[in-house]
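Novice: Start from the sequences and build out the full structure, keeping to the hints where you can.
Protein chains in written order, with our numbering: chain W, 2 to 116; chain F, 49 to 159.
Keep in mind the hints are simulated off the structure, nothing from the lab. For each residue, glycine too, the CB sits at the ideal point set by N, CA and C. There may be inaccurate statements among the hints.
Stated by the list, open to error - Label pairs and their in silico Cβ distance ranges:
#1 Pro159/F - Glu57/W: 41 to 47 Å
#2 Ser116/F - Arg10/W: 40 to 46 Å
#3 Asp114/F - Arg16/W: 24 to 30 Å
#4 Glu79/W - Pro159/F: 41 to 47 Å
#5 Gln18/W - Asp55/F: 35 to 41 Å
#6 Gln85/W - Asn75/F: 16 to 22 Å
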Amino acid sequence: DTGVSQNPRHKITKRGQNVTFRCDPISEHNRLYWYRQTLGQGPEFLTYFQNEAQLEKSRLLSDRFSAERPKGSFSTLEIQRTEQGDSAMYLCASSLSGQGLGGYTFGSGTRLTVV
Amino acid sequence: QKEVEQDPGPLSVPEGAIVSLNCTYSNSAFQYFMWYRQYSRKGPELLMYTYSSGNKEDGRFTAQVDKSSKYISLFIRDSQPSDSATYLCAMSSNSGYALNFGKGTSLLVTP
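Specialist: Here's what the structure looks like:
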């Protein structure tokens with residue numbers, strides 16, 4: 002396993018379109034997280050899964066955003082009716098419960114540009 | 049005011065210098081402290097992870113946590129041009145999930 006994999010790496014979309022990103026975590030990791038990072042800022046937490054259960058959602062996750070993790074493996078993040086303010090890097094991370102935060106590993110991100 | 053404050057820099061140092069990076073925070077519940085390195089257009093890479101107060105050393109990197117002052121530091125010895133990146137501090141009150149990040153400090157090490 003080579004780490005957390007995110008696809009696509011870059012997505013350009015027109016305002017109003019829907020987009021979906023995929024994250025494949027490290028295989029033995031049961032926790033999966035989504036973050037958003039805008040230029041010049043640190044990542045901001047969006048949501049968290051333990052296995053298939055979505056346990057926490059940030060207030061940043063508006064109604065246009067939805068995340069799923071069917072069967073507790075890969076996860077998808079969908080943004081409906083994209084707005085220019087959604088342009089950002091969307092990062093996925095995973096970890097294994099019981100290991101603390103030392104194994105909290107990020108993927109390379111999906112860069113979204115809304116035009 | 050954000051919970052985690054970090055000077056964005058940029059910080060420019062000559063090769064071989066000792067680099068000091070730091071963050072302050074306001075939430076006394078934070079117990080887990082991390083430093084990530086992020087190269088341009090890449091995801092953050094974990095450098096150092098510390099639980100509670102104290103020092104931790106790993107090669108050229110030393111992390112310090114002073115919970116009484118709500119202040120954490122990362123020192124890089126013998127800095128190299130390949131250390132040029134953005135350094136993000138992150139912290140959490142719970143080993144389970146959300147990390148609270150600083151803005152990141154941009155570091156340039158010149159040959």
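Novice: For every hint, state whether the structure bears it out.
Specialist: Now for the hints, and whether the structure bears them out:
{"no.": "1", "hint": "Pro159/F - Glu57/W: 41 to 47 Å", "verdict": "holds (45 Å)"}
{"no.": "2", "hint": "Ser116/F - Arg10/W: 40 to 46 Å", "verdict": "holds (43 Å)"}
{"no.": "3", "hint": "Asp114/F - Arg16/W: 24 to 30 Å", "verdict": "violated (46 Å)"}
{"no.": "4", "hint": "Glu79/W - Pro159/F: 41 to 47 Å", "verdict": "holds (45 Å)"}
{"no.": "5", "hint": "Gln18/W - Asp55/F: 35 to 41 Å", "verdict": "holds (38 Å)"}
{"no.": "6", "hint": "Gln85/W - Asn75/F: 16 to 22 Å", "verdict": "violated (32 Å)"}
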